[in-house]
Each structure stands twice: as C-alpha cells, then as structure tokens.
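*Asks:* Sequence:
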Amino acid sequence: MIKVVVVDDSAFMRKALAAMLGKDPEIEVVATARDGEEGLEMIRRHQPDVVTMDIEMPRMDGLTALRHVMMEMPRPVLMVSSLTTEGAEATLKAMELGAVDFIPKQLSKVSLDIVKIEDELRAKVKTIARRRMSHLARAPLSGRTRPAPAPSAGGVSAAGERPARPARPSGTQCRDLVAIGVSTGGPPAVQKMLSALPQDFPAGILIAQHMPAAFTGPFAKRLDGVCRITVKEAEDGERLQHGVAYVAPGGRHLRIDQKVSRIDVRVVDEPREALYKPSASVLFDAVAAGVGRRALGVVLTGMGSDGLEGMRTLKAKGGRALAQSDSTCVVYGMPKAIVDAGLADEIVDIDDMGEAILQNLYK
Numbered sequence: 190m191i192k193v194v195v196v197d198d199s200a201f202m203r204k205a206l207a208a209m210l211g212k213d214p215e216i217e218v219v220a221t222a223r224d225g226e227e228g229l230e231m232i233r234r235h236q237p238d239v240v241t242m243d244i245e246m247p248r249m250d251g252l253t254a255l256r257h258v259m260m261e262m263p264r265p266v267l268m269v270s271s272l273t274t275e276g277a278e279a280t281l282k283a284m285e286l287g288a289v290d291f292i293p294k295q296l297s298k299v300s301l302d303i304v305k306i307e308d309e310l311r312a313k314v315k316t317i318a319r320r321r322m323s324h325l326a327r328a329p330l331s332g333r334t335r336p337a338p339a340p341s342a343g344g345v346s347a348a349g350e351r352p353a354r355p356a357r358p359s360g361t362q363c364r365d366l367v368a369i370g371v372s373t374g375g376p377p378a379v380q381k382m383l384s385a386l387p388q389d390f391p392a393g394i395l396i397a398q399h400m401p402a403a404f405t406g407p408f409a410k411r412l413d414g415v416c417r418i419t420v421k422e423a424e425d426g427e428r429l430q431h432g433v434a435y436v437a438p439g440g441r442h443l444r445i446d447q448k449v450s451r452i453d454v455r456v457v458d459e460p461r462e463a464l465y466k467p468s469a470s471v472l473f474d475a476v477a478a479g480v481g482r483r484a485l486g487v488v489l490t491g492m493g494s495d496g497l498e499g500m501r502t503l504k505a506k507g508g509r510a511l512a513q514s515d516s517t518c519v520v521y522g523m524p525k526a527i528v529d530a531g532l533a534d535e536i537v538d539i540d541d542m543g544e545a546i547l548q549n550l551y552k
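Per our numbering, the sequence shown starts with residue 190, numbered consecutively.
Derived from the structure by calculation, the hints contain no laboratory data.
It should be emphasised that the depicted structure is a prediction, and the values quoted were computed from it without experimental measurement.
Idealized CB from N, CA, C, for every residue including glycine.
It is possible that some hints are incorrect.
Stated by the list, open to error - Each pair of labels, with its calculated beta carbon distance range: (1) R451 to H235: 54 to 64 Å; (2) E309 to E217: 13 to 23 Å; (3) R256 to H431: 32 to 42 Å.
Modelling step: build the complete structure from the supplied sequences, incorporating the hints.
*Replies:* Set out below in structure tokens:
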C-alpha cells in the first residue's frame with residue numbers, strides 16, 4: 190500500500206485530492222494538512238511514501254516546508270501548482286529544492302477544475318512511490334558513461350575527475366543538431382545537462398519537455414540564467430543557431446524546416462491528436478527527416494514511451510541516440526523504452542550527459 194500525505198490550505202483541494210487518490214486500491218491517504226507546519230507534523234507521524242504539497246499556504250508555505258522535508262526526512266514530494274507565471278516560477282524553484290515533479294491544478298474564473306488531473310495524479314504517485322521503494326535497496330552507482338547493451342554500442346568510460354567543462358574532441362564534427370525528449374523529473378535534469386555545455390557549443394538544441402504552456406517560458410528563462418549557452422522558448426520561423434537551446438512551447442510541437450544554408454525552427458499544432466504536446470517522437474521524426482545523420486537524439490527521465498517511434502526513425506537515418514541511466518532518472522520510462530528497443534548508442538548518468546553530448550557530435 191502506498192501511503193500519501195496531502196498538504197493544501199484549501200479544504201476543497203484536500204478533499205478532492207484525497208478522493209481522487211483513494212479511488213486506487215493501491216493508494217491510501219493517511220493524513221491531510223492545512224499548511225506547511227501541520228504538513229511536517231503529519232509527515233513525521235505517518236512517514237508517507239509520497240507527499241503532495243501546495244505552494245501558497247499560510248503560516249508556512251510549500252517551499253519552506255519542502256526545504257524541511259528534504260533536510261529532515263527526504264521523500265518524494267509532488268508540488269500542486271497553479272497554471273500562472275508565478276506558479277510556474279515557484280514550482281521550478283521547488284524542483285531545484287528536491288521536489289520530484291508537479292501536478293498542475295486547472296484554474297478558471299469560476300471554478301477549480303481539478304478533476305482533469307485525476308489520472309495523471311494517480312499515475313505519478315504510483316510510479317514515483319514504486320521508484321523510491323525499488324531504489325531503497327539499490328547501492329548508488331559510480332559509473333559514468335556506459336556502452337548500451339547493443340551491438341552498435343559505442344560508449345566510452347572515463348577515469349579521473351570530471352572537468353569543469355567538456356573538452357572539445359579532436360577530429361571532424363559529424364553532427365550539428367541535438368534533439369532532446371524529457372518528461373517527469375525533467376527540469377533539474379535538463380538544467381544539469383545544459384549547464385555543463387560550453388558557451389561556444391557547436392550545435393543547435395531542440396527540447397521537447399512535457400510541460401504546460403504557462404511553464405515553458407519561465408523554464409527557458411530560468412535555464413538561460415544559469416547556463417553558458419543561450420536558452421529560450423522557441424518561436425516559429427526563427428533560424429536555428431549553434432549554442433542556443435530552444436524549448437518547445439507547452440501545448441505545441443517542434444519541427445524544423447531545412448533550407449539551403451540554414452535550418453528554421455517551426456512551432457506547430459499538428460498532430461493535434463498526439464498524446465503529448467510537445468511530443469518527443471514528433472521532434473525526433475522531424476529532425477530525422479530534416480537532417481538525418483547530422484542529428485543526435487537524447488532521451489531523459491520521464492513516464493511512458495514518448496520518443497520511441499521517433500527515435501526509430503532517427504536511427505534509421507543514421508542519427509545517434511543517448512539515454513539517461515536508470516540509476517539517475519526520477520522515472521525510468523522514456524529512456525527504458527529506447528534502451529529496451531536496442532536504439533541507445535550510450536547509456537549516460539545525468540552528471541555526464543553534457544560531456545557525452547559534446548563527444549557524440551564527433552561520432
């Protein structure tokens with residue numbers, strides 16, 4: 190049984206979240222709390238497997254409570270965030286502090302349409318709780334970049350200390366576009382990866398992060414403030430530049446338009462029926478069609494298998510593929526799909542992903 194504590198200052202939200210979680214026979218809401226102080230008391234008393242935490246609360250807000258949880262009794266915390274710019278910025282800060290992911294609460298002028306998050310809420314709670322339980326007995330791995338268990342694996346093992354920034358490989362550069370697909374637990378992983386890249390990174394980067402529309406702009410702005418490369422929310426029709434990472438706007442897809450002497454970024458609505466918008470598979474398909482073997486595909490932490498079919502296409506066109514390692518993922522779903530299908534050329538710990546990306550531009 191997965192034990193959950195719900196912390197929210199709204200009585201309606203506490204009741205709604207508890208009711209939705211309680212519909213699953215594998216989940217038990219063992220306590221609810223009205224603010225951060227009461228939440229800490231309930232967490233200490235019940236030792237839950239997962240906590241859902243509101244951000245704006247009286248007495249003690251969610252970010253302060255999260256800091257105490259991470260210092261005193263670390264466990265998975267899902268933030269419940271409003272779909273506003275302020276809510277996005279606070280949620281991204283929470284993930285830097287150790288929250289594993291977030292659930293957006295749908296706000297309108299007259300009602301709180303919380304039911305829309307029901308399936309996602311239960312799926313995330315169950316996946317994250319199982320992930321935590323399976324890792325309790327697992328010794329931490331000290332591995333760095335490792336070859337994938339496939340005949341085409343071309344990984345390398347490095348020894349010694351990690352350099353402050355990746356060394357530029359010698360030889361001829363083969364790839365000049367990096368496409369990245371990521372979901373649950375993604376913001377800290379993306380930040381760690383991009384912040385390791387040099388300012389003169391010799392390729393353009395496209396990122397499909399599963400995230401609401403209100404979040405992608407603040408997410409890109411936050412990354413731009415901590416990375417040497419430029420990071421921005423993608424705009425339709427702009428020219429792809431080296432040393433720039435383009436984040437897909439929430440609710441839309443990224444594609445590319447290959448011109449004679451340049452590549453243009455396209456922000457599109459089709460396919461409207463895609464399960465995820467933005468979709469990693471749509472991005473990988475577009476990159477495969479546009480530049481083929483000049484592309485490097487990267488799949489990071491996330492639930493489900495988005496990116497799998499697009500990566501098949503990219504690999505068939507001669508592109509390379511990197512997958513984040515099981516031991517460093519919040520949720521080993523999207524990378525696992527790539528690895529299990531034999532598509533990953535290397536499996537890489539997130540601490541080493543920036544270096545691995547730069548090295549693979551020359552393979």
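*Asks:* Would you pick out the hints that fail for this structure and give their numbers low to high?
*Replies:* No hint contradicted; all consistent.
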